[in-house]
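**Q** Each chain is listed here by its residues.
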Amino acid sequence: MSAFLENVLDKLSTQYTKLRQDLELSGVIKIARRYFVMNAFDGALTIFGIIMGSYFSGLKNPTLIIGAGIGACLAMGISGFFGTFMTERAERMRHLKKIEDAMLTDLGETELSERRFVASVFAALVDGLSPMLAALGPLTPFYLSFILPISIDLIFTIAVAINMLILFGLGAFLGRISRENIFKYGLLMTGTGLLTAVLLLFLQT
Amino acid sequence: MSLIIKRIVLDVLKPHEPPIQEFVRRLGEIPHVKSVDISIHEIDENTQTIRITVEGNEILYEEVDKKISELGATIRSVDKVSAEKPKKKK
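Protein sequence lines correspond, in order, to chains A and R. Counting from 1, position 162 in the first sequence corresponds to residue 201 in the working numbering; the numbering is continuous, with no gaps. Counting from 1, position 64 in the second sequence corresponds to residue 127 in the working numbering; the numbering is continuous, with no gaps.
By construction, these hints were calculated from the structure, which means they are not laboratory data. For clarity, every value in this text was computed on a predicted model and none was experimentally measured. No false leads were slipped in.
Heads up, simulated BS3-like pairs for lysine-lysine below, C-alpha to C-alpha not over 27 Å straight-line:
no.: 1; chain 1: R; residue 1: Lys130; chain 2: A; residue 2: Lys137
no.: 2; chain 1: R; residue 1: Lys130; chain 2: A; residue 2: Lys136
no.: 3; chain 1: R; residue 1: Lys148; chain 2: R; residue 2: Lys69
no.: 4; chain 1: R; residue 1: Lys69; chain 2: R; residue 2: Lys150
no.: 5; chain 1: A; residue 1: Lys69; chain 2: A; residue 2: Lys223
no.: 6; chain 1: R; residue 1: Lys143; chain 2: R; residue 2: Lys97
no.: 7; chain 1: R; residue 1: Lys129; chain 2: A; residue 2: Lys136
no.: 8; chain 1: R; residue 1: Lys97; chain 2: R; residue 2: Lys69
no.: 9; chain 1: A; residue 1: Lys57; chain 2: R; residue 2: Lys130
no.: 10; chain 1: A; residue 1: Lys50; chain 2: R; residue 2: Lys130
no.: 11; chain 1: R; residue 1: Lys97; chain 2: A; residue 2: Lys57
no.: 12; chain 1: A; residue 1: Lys137; chain 2: R; residue 2: Lys129
no.: 13; chain 1: R; residue 1: Lys97; chain 2: R; residue 2: Lys151
no.: 14; chain 1: A; residue 1: Lys57; chain 2: R; residue 2: Lys129
no.: 15; chain 1: A; residue 1: Lys50; chain 2: R; residue 2: Lys97
no.: 16; chain 1: A; residue 1: Lys50; chain 2: R; residue 2: Lys129
To be clear about the criterion: a stretch of chain R counts as covered by chain A if any three or more of its residues have a C-beta under 8 Å from a C-beta of chain A, and this derived list gives those stretches:
no.: 17; stretch: 73-80
no.: 18; stretch: 108-115
no.: 19; stretch: 120-134
Now the in silico label distances, taken between C-beta atoms and shown as ranges:
no.: 20; chain 1: A; residue 1: Leu175; chain 2: R; residue 2: Arg114; range: 46 to 56 Å
no.: 21; chain 1: A; residue 1: Ser52; chain 2: R; residue 2: Glu126; range: 20 to 30 Å
no.: 22; chain 1: A; residue 1: Ser217; chain 2: R; residue 2: Ser140; range: 40 to 50 Å
The beta carbon of each residue, even a glycine, is placed where N, CA and C say it ideally should be.
With the rest of the complex left out, here is chain A:
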């Protein structure tokens, strides 16, 4: 039994190393990092818009917010996945064709071609999942309203706090990448959330 487990773990480890190598060689990690922040930011702000828009309109119904939120999550996820997959694939195919022309050979059955597919799927997964995850976080307090006797205003406050935390986290992540002040980046991203809230407030009044 332990030999079987060791064998499975060994195979998984080999596959993981190969995947990491493929991703590094294809240069997709840098692109995916950019996609992750851009789309998680999109997801967080979209859900923030839904939550604040509902609050300012007086629609304090958790079922409605969850329904609209999940719908937006799904739409962002599907659009992110397919949009990125098709775009990445097209760009990488174009590059492959250029190499094929230069080498006067078909590279369809090579690791080069396989790596391009893996890179496109990876970028698409990051692009599809990041807005969904960023948007699901602020929606969780609304689920709590079904099981815990919490006032709807408190739930809105918790949801906004989670949202701000996500925006701050994304900013801090960018700050770390650029090796600059993570608080400055975090506060800048949080500021965009506050700006959205102020604009929504003006539009509602």
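Place chain R on chain A using the hints.
**A** Same frame as chain A, but now just chain R:
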């Protein structure tokens, strides 16, 4: 008794990816290969011309060709082959 190939020198055209340090590692996976040497001779916009020297015991050219093709490269010419009779077991 037939000769066995100990050394092959190849002129190969490859894309920039994978880099030669990865290329050399992958060629090392070929059975019976003991050492691999790669040097870049020319760099173009999309391709590189490299010279590969593969050494080992009883190298199979087909295996080398297969691995190079898998990596997206093509052999342009076989520039040198060294072979010798296998040593008799004492």
